[in-house]
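Participant: Given next are the chains, with one letter for each unit.
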Amino acid sequence: MKFDTPATTNPIDQLKIVGKPVDRIDGPLKTTGTASYAYERHDVAANPAYGHILGSAIAKGRIASIDTREAIAAPGVLAVVTAQNAGALMKGDFNTAKLLAGPEVQHYHQAVALVVAETFEQARAAAGLIKVDYTRADGAYDLEKAKSSATKPKDMDGDAPDSKVGDFASAFAAAPVQIDATYHTPDVSHAMMEPHASIAAWKGDELSLWTSNQMIDWGRGDVAKTLGIPKDKVHLSSPYIGGGFGGKLFVRSDAILAALGARAAKRPVKVALQRALVANNTTHRPATIQRVRIGASRDGKITAIAHENWSGDLPGGGPDSSVQQTRMLYAAPNRMTATRLAVLDLPESNAMRAPGEATGHMALEVAMDEMAEKLGMDPVQFRILNDSQVVPDDNGKTDRPFSQRQLVECLRQGADTFGWTGRNAKPAQRREGDWLIGMGVASAYRGAPTQKSGARVRLDGSGMVTVETDMTDIGTGSYTIIAQTAAEMMGVPLDKVVVKLGDTAYPVSAGSGGQWGAASSTAGVYAACTKLREAVATKLGFSTADVTFADGKVSSAGRSVALGEAAGPGGLVAEDTMEFGDLSEKYQHSTFGAHFVEVAVDMHTCEVRLRRMLAVCAAGRILNPKSARSQVIGAMTMGAGAALMEELAVDNRFGFFVNHDLAGYEVPVHADIPHQDVVFLDETDPTVSPMKAKGVGELGICGVAAAVANAIYNATGVRVREYPITLDKLISQMPALV
Amino acid sequence: MASELEITRRGVLAGGAATAAMATTNPARAQMTNQTTPPPTVPVTLDVNGTSHTLNLDTRTSLLDALREHIKLTGTKKGCDQGQCGACTVLVDGKRINSCLTLAVMQQGKRIQTVEGLGTPDSLHPMQAAFVKHDGYQCGYCTPGQICSAVAVIAEIRAGIPSHVTPDLTAKPQLADAEIRERMSGNICRCGAYSNIVEAITEVAGAKA
Chain U
0 MKFDTPATTN PIDQLKIVGK PVDRIDGPLK TTGTASYAYE RHDVAANPAY
50 GHILGSAIAK GRIASIDTRE AIAAPGVLAV VTAQNAGALM KGDFNTAKLL
100 AGPEVQHYHQ AVALVVAETF EQARAAAGLI KVDYTRADGA YDLEKAKSSA
150 TKPKDMDGDA PDSKVGDFAS AFAAAPVQID ATYHTPDVSH AMMEPHASIA
200 AWKGDELSLW TSNQMIDWGR GDVAKTLGIP KDKVHLSSPY IGGGFGGKLF
250 VRSDAILAAL GARAAKRPVK VALQRALVAN NTTHRPATIQ RVRIGASRDG
300 KITAIAHENW SGDLPGGGPD SSVQQTRMLY AAPNRMTATR LAVLDLPESN
350 AMRAPGEATG HMALEVAMDE MAEKLGMDPV QFRILNDSQV VPDDNGKTDR
400 PFSQRQLVEC LRQGADTFGW TGRNAKPAQR REGDWLIGMG VASAYRGAPT
450 QKSGARVRLD GSGMVTVETD MTDIGTGSYT IIAQTAAEMM GVPLDKVVVK
500 LGDTAYPVSA GSGGQWGAAS STAGVYAACT KLREAVATKL GFSTADVTFA
550 DGKVSSAGRS VALGEAAGPG GLVAEDTMEF GDLSEKYQHS TFGAHFVEVA
600 VDMHTCEVRL RRMLAVCAAG RILNPKSARS QVIGAMTMGA GAALMEELAV
650 DNRFGFFVNH DLAGYEVPVH ADIPHQDVVF LDETDPTVSP MKAKGVGELG
700 ICGVAAAVAN AIYNATGVRV REYPITLDKL ISQMPALV
Chain F
0 MASELEITRR GVLAGGAATA AMATTNPARA QMTNQTTPPP TVPVTLDVNG
50 TSHTLNLDTR TSLLDALREH IKLTGTKKGC DQGQCGACTV LVDGKRINSC
100 LTLAVMQQGK RIQTVEGLGT PDSLHPMQAA FVKHDGYQCG YCTPGQICSA
150 VAVIAEIRAG IPSHVTPDLT AKPQLADAEI RERMSGNICR CGAYSNIVEA
200 ITEVAGAKA
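Heads up: the sequence lines are chains U and F, in that order. If you read the first sequence in numbering that gives the first Met the number 0, its first letter stands for residue 0, the second for the next number, and so on. If you read the second sequence in numbering that gives the first Met the number 0, its first letter stands for residue 0, the second for the next number, and so on.
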């Protein structure tokens, strides 16, 4: 099915099941420990051996020699895989660095060997017996130092790295009120709870991988390419994924080394990254240096805005697209953005939840707060005054409309709900005991892309509907919204739908990334269900014009047949793929929101406590308000981490992230997060898909950290432009104790 | 200071055998050198969810790996294997522990309860049902640990055990949000379901009150 004209009324609009806050259908499995994740598939691979990865002890250089004799002789060891015996390995299309080092080492903890043994304990012990002699080379690890050598990258997530409208320099120079500030965001880690894990088994020349991967078809392609085997000889299965956030978009060393280990040991092999390897062996969100300049008239109209970003990556890698939202959020006749990329020899930078916008808002939305204060304006009003209903910076065009844009409504409703009028515009005025109290706001912007997505739907003789698609559920709620979509389309209750996900045996879907999963994958299910409805009607000789599917029956012209009976004992199957036309070029598809945060800062210690958090989101039709709300509160939590604690500490001498476990790399815990409120504005967007829905999982993180930073400023009068905002950065500038 | 460290470390990296020690974080390394005989195994009987399991285990096997790899009860999750995340939380004689931080051989004769022992998909424990109702999970990987911890937290508060945030150590701690959040802070949820988890626990605690 091709979606190239805006949707009119369709069966989804009945909203009998879609749009309802139903419990997740996978809930009983996940809460009882009976949902099996990659490493736990005792059902699929009998008698697996255990693999243990050894990571490189240097960041850059060569392996001069590697002695595995002692490891091979150790009890239980079946094989040791290194680059010397692994055979030729290609680099996957989605990888920047190779997944097995040797002789060249590209980053710290890059895998150098896999030990395969009868037991986990034996593999782990034997990995400690491998002797590696490295020759270290000098590398670049410090973004600040490498900044001056940064160059303009080929592209920025498919967009031009630089943009320009009007004459920024002149307009900024002429602006009566100006701000020019530079912000730093650190390297951060996905730190999903399930480390990357895979079980591999060969049957002849066919490889099966039970793995933890967000993008099944990308993964299949890259496993095939890396190993040099045909794509159709690779099978992937990821029905449950213990968190991804972008860290499992790509094939990683666990999958490739499990495959190589299984080939060497002639046994199924299971491999999980040890937690201490995750931060340096896999990808991370890169650090940024961002300069934002805003010029405005005295009445608060922005006349000039500029956003420049510097980040680093390994050779061949890409930049962080932190300037994206600055092309979208506020009107200004004169503007520019620029993206520069330095070569760093740290582990591979790549996508993490809302890549670009997550860091970009941390600079832009603080700059907006700083500017509002300079203008003596309320920060909510300042944002509303500079709203734009067309894309402000669109490759030279300035007339492309947003399909929907309720940023102003998000800000207004959020301010009302949160009690924004209670905020004192002057910082450090509100005190409760030892605590200084402040409020902060930030806008939220994230694109609403769609991707081609397929599904197969089966109807059996008992009236059960089974959906198969390689879409993944990484905690996002895909199982449930896909079931809701199929139930609505086929006119059956939710418990008559079975959803099977994350397997190369199923039609290729959009996968989980870029906030496109919900809208795209359900549209694919819509297309397949439309075909199945036609097949049912045709089989019964019903006119497709007036046929209805409701209450488990299909009806037309006074005739009504139970669905199971209509399908017959042989059942019916339909498969289709939703393809998207050029509506996303005619209209800018985006999601908007506003974040409001109240903090308390201890006057003596500068400890920051979050007291209240509210997000107001406009993101198309909300397919399931319960799971969508969870997406947003989860993103708000990750945003709180970015504001207050998350930072991969770089050892600039030896080139690695020092705090590479969950004790050193701090993420928010229960005690850090207050009750969170989320409001979804009523919105349907017929130009996006027949579902009229968009994503929310990335919108939710955009702007949160800035709202926290702005609240801390409002509480204390201390402006910290270097994240995370830890107490050591506040304490020397705190107001005098009275 | 920095240059001293650098020199020391370059020296370490230049050495052959020492490099292997750098290249791994394995604490078992020292005792494993030149080991060619199989490690000792011992028979262990574990009482898990009321069922007795007799296993022959490598003495290095953690309770977590005994559960997941030998008894094949994979509801208990391995998130870090070093006591930092709480995903492996189980109840031993009614008290919660990180099962990655104890050896299986140390748990013989104890009553071990895992998430599978609390309830089943068709017959959920009230805490499991509350997590479903309040959407107190997303990816589901930390969830069994959160649920086991939550059950234990209510018991700890009822038993009068104070926490870091208990205002009066001589008074009975209350089932307040702050108490629940403090006591649950050893269970990390990277999906960020905390707000919903606290609601689920509060509901179950209130129903029992």
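Treat the hints as calculated values from the structure; they're not laboratory data. Any given hint could be a false lead.
Claimed, not checked - Simulated pairs of lysine-lysine, DSSO-like, Cα-Cα distance not exceeding 27 Å: (1) Lys-109/F / Lys-19/U; (2) Lys-71/F / Lys-202/U; (3) Lys-224/U / Lys-265/U; (4) Lys-132/F / Lys-625/U; (5) Lys-300/U / Lys-396/U; (6) Lys-1/U / Lys-585/U; (7) Lys-499/U / Lys-71/F; (8) Lys-71/F / Lys-265/U; (9) Lys-163/U / Lys-585/U; (10) Lys-15/U / Lys-132/F; (11) Lys-495/U / Lys-71/F; (12) Lys-499/U / Lys-132/F; (13) Lys-495/U / Lys-538/U; (14) Lys-163/U / Lys-151/U; (15) Lys-499/U / Lys-230/U; (16) Lys-163/U / Lys-146/U.
Participant: Hints first: check each against the structure and report whether it holds.
Facilitator: Consistency of the hints with the structure:
{"no.": "1", "hint": "Lys-109/F / Lys-19/U", "verdict": "violated (45 Å)"}
{"no.": "2", "hint": "Lys-71/F / Lys-202/U", "verdict": "holds (24 Å)"}
{"no.": "3", "hint": "Lys-224/U / Lys-265/U", "verdict": "holds (21 Å)"}
{"no.": "4", "hint": "Lys-132/F / Lys-625/U", "verdict": "holds (9 Å)"}
{"no.": "5", "hint": "Lys-300/U / Lys-396/U", "verdict": "holds (21 Å)"}
{"no.": "6", "hint": "Lys-1/U / Lys-585/U", "verdict": "holds (16 Å)"}
{"no.": "7", "hint": "Lys-499/U / Lys-71/F", "verdict": "holds (23 Å)"}
{"no.": "8", "hint": "Lys-71/F / Lys-265/U", "verdict": "holds (23 Å)"}
{"no.": "9", "hint": "Lys-163/U / Lys-585/U", "verdict": "holds (21 Å)"}
{"no.": "10", "hint": "Lys-15/U / Lys-132/F", "verdict": "holds (20 Å)"}
{"no.": "11", "hint": "Lys-495/U / Lys-71/F", "verdict": "violated (30 Å)"}
{"no.": "12", "hint": "Lys-499/U / Lys-132/F", "verdict": "holds (23 Å)"}
{"no.": "13", "hint": "Lys-495/U / Lys-538/U", "verdict": "holds (21 Å)"}
{"no.": "14", "hint": "Lys-163/U / Lys-151/U", "verdict": "holds (15 Å)"}
{"no.": "15", "hint": "Lys-499/U / Lys-230/U", "verdict": "holds (22 Å)"}
{"no.": "16", "hint": "Lys-163/U / Lys-146/U", "verdict": "holds (22 Å)"}
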